[in-house]
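K.L.:
Residue-level listing of the chains:
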Amino acid sequence: MKTVTLLIAWIWITVPLGWGIYQSVQKSLPLFGIEPAAAAPLPAK
Amino acid sequence: MSFLSREATVAKPGFNRWFVPPAAIAVHMCIGQVYSFSVFKKPLALLGGSWSEANVGVAYSIALVMLGLSAALFGKWVEHSGPRKTMLASAACFCGGLLIAALAVKLKLLWLLYVGYGLVGGVGLGLGYIAPVSTLMKWFPDRPGMATGMAIMGFGGGALIGGPLAQELMKSYGGADAAGPQMAMIIMAGLYAVSMLFGAAIVRVPAPGWKPDGWQPHAAHGLPEGTVSVSVDTAWKTPQFWLLWVVLCMNVSAGIGILGQASPMIQDMFKVTPAAAAGFVGLLSIANLAGRFLWSSASDLTGRKGIYCVYFLLGAALYAMVPWTQGKGSVLLFVAVTTVIISMYGGGFATVPAYLRDLFGSYQVGAIHGRLITAWSMAAVIGPQLVDRISEAKKAAGVPPEQAYNSTFYLMVGLLTLGLIANLLVRPVDAKYHLKDSDPA
Chain A
120 MKTVTLLIAW IWITVPLGWG IYQSVQKSLP LFGIEPAAAA PLPAK
Chain B
23 MSFLSREATV AKPGFNRWFV PPAAIAVHMC IGQVYSFSVF KKPLALLGGS WSEANVGVAY
83 SIALVMLGLS AALFGKWVEH SGPRKTMLAS AACFCGGLLI AALAVKLKLL WLLYVGYGLV
143 GGVGLGLGYI APVSTLMKWF PDRPGMATGM AIMGFGGGAL IGGPLAQELM KSYGGADAAG
203 PQMAMIIMAG LYAVSMLFGA AIVRVPAPGW KPDGWQPHAA HGLPEGTVSV SVDTAWKTPQ
263 FWLLWVVLCM NVSAGIGILG QASPMIQDMF KVTPAAAAGF VGLLSIANLA GRFLWSSASD
323 LTGRKGIYCV YFLLGAALYA MVPWTQGKGS VLLFVAVTTV IISMYGGGFA TVPAYLRDLF
383 GSYQVGAIHG RLITAWSMAA VIGPQLVDRI SEAKKAAGVP PEQAYNSTFY LMVGLLTLGL
443 IANLLVRPVD AKYHLKDSDP A
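Protein chains in written order, with this note's numbering: chain A, 120 to 164; chain B, 23 to 463.
Since the hints were derived computationally from the structure, they do not count as laboratory data. Check before you lean on any hint, since a few could be wrong.
Some chain A residues judged to face chain B by a derived CB distance under 8 Å, without partners named [stated by the list, open to error]:
1. LEU126
2. VAL134
3. LYS146
4. PRO149
Here are the computed lysine-lysine pairs in the DSS-like style, where the Cα-Cα straight-line distance is at most 30 Å [said to hold, decoys possible]:
5. LYS233/B / LYS121/A
6. LYS64/B / LYS193/B
7. LYS259/B / LYS327/B
8. LYS160/B / LYS458/B
9. LYS416/B / LYS293/B
10. LYS160/B / LYS121/A
11. LYS64/B / LYS128/B
12. LYS121/A / LYS34/B
13. LYS293/B / LYS458/B
Distance ranges between label pairs, derived from CB positions [stated by the list, open to error]:
14. LEU126/A / ASN77/B: 39 to 47 Å
15. PRO230/B / TYR141/A: 36 to 44 Å
16. GLN238/B / GLY137/A: 35 to 43 Å
Owing to the predicted nature of the structure, the values given are computational and were not obtained by experimental measurement. No residue lacks a Cβ here, since even glycine has one placed at the ideal position from N, Cα and C.
Here chain A stands alone, though its shape is the one from the complex (with noise of 0.2 Å):
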């Protein structure tokens, strides 16, 4: 249980710092002279 707590506890900080993560090297791309992936278009309000 203690340990299901813990991965519990260290998946809510990974997660939100892995998409931080994800989103800088998305941008830093260009500079290499590589496209970053397409975002999928919003749906028509």
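Place chain B on chain A using the hints.
P.N.:
Chain B alone, transformed into the frame defined by chain A:
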């Protein structure tokens, strides 16, 4: 004994100390949002009137100054109240500040933005910055550098999350008009409150006398570890405190100067596109984040004084190399060199609490750290101003834009040399400053 009191957070026997890093990072990755405040500048400038980009940016400067001041003023209260109450106060101020900022946008009152995001939010930054760091150091006396590196890495990560999150929210709620930033601030306040309260709920302090299994304090500075205890009121009267103040101020000034100007700098020096320049900024953010953890962890092996010598010597050598990379026309070399420089800037931030602990003990290290952070506030003003003014003056004097930054780089070498000298002068704190058994705790 209330749920918020320090006593209520004392860990029971068998508590796993690896619960504490997520608690600390959960707070730091929220307040680190301050680094990405610039994403609000353009949308808020569209409100017109006095809402120019420069005026909106003042809220960021106020927040950073308040970070330093509140950390210095409330440091003793933080040590006395314990991490849970402090994290809760930090969440109330930081998230409350965001909500006031949203109201300021709705009412188009610039002064209210300064009060909300700058003053109230800034107090939240100061409280939230020092409490988790000092708690982690108490849990990891065997690896204090790694412990502070983890927390302060979270602060760097906050910028990586806060920027894109705000942009996505603004895009979803009205784009560039006032509704976008306003809704973004409200939703972010809610998300950050949940994360910070999660941190406050799971944080614990070690019981008095606790130490990791199998770990034996080793002799440092000729004294057994744990015997050096200097109070905050005494610490700032020692030369060591002010030498470290100079060390931090020089390290931060040198790094922040490049960070603040990274995009125009690479465009001027190498004629890259704005998209590639934004990519350079993204890369520096990752280097800043990684450096906080890696360099600070390395300091557990090399010692704090040794690692700062590396930051200053290697940093100065790399800064001196930057004009050469421009002369060679090599973007790749420039990126490699600046990436290492910024990683050491992050490392300098993350290592300093452990350096304080080595010198003054862990008794009131959070409060001492709070007072030292005023060096960061000072550097946040000096660094960008130096780079801005010198490069602008050079351009005005007819120096080609690609060479306008060279003097700045040599100035950074000078700042880092000053930092190196201050670091080399650091000696163990004289025993006359140590807390005696008869002193009131």
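K.L.:
Hint by hint, say whether it matches the structure.
P.N.:
Going down the list of hints, with the structure as the test:
no.	hint	result
1	LEU126	violated, 10 Å
2	VAL134	violated, 10 Å
3	LYS146	holds, 4 Å
4	PRO149	holds, 4 Å
5	LYS233/B / LYS121/A	holds, 21 Å
6	LYS64/B / LYS193/B	holds, 13 Å
7	LYS259/B / LYS327/B	holds, 20 Å
8	LYS160/B / LYS458/B	holds, 20 Å
9	LYS416/B / LYS293/B	holds, 18 Å
10	LYS160/B / LYS121/A	holds, 22 Å
11	LYS64/B / LYS128/B	holds, 16 Å
12	LYS121/A / LYS34/B	holds, 14 Å
13	LYS293/B / LYS458/B	violated, 62 Å
14	LEU126/A / ASN77/B: 39 to 47 Å	holds, 46 Å
15	PRO230/B / TYR141/A: 36 to 44 Å	holds, 42 Å
16	GLN238/B / GLY137/A: 35 to 43 Å	holds, 37 Å
Hints 1, 2 and 13 from the earlier list are contradicted by this structure; the remaining hints agree with it.
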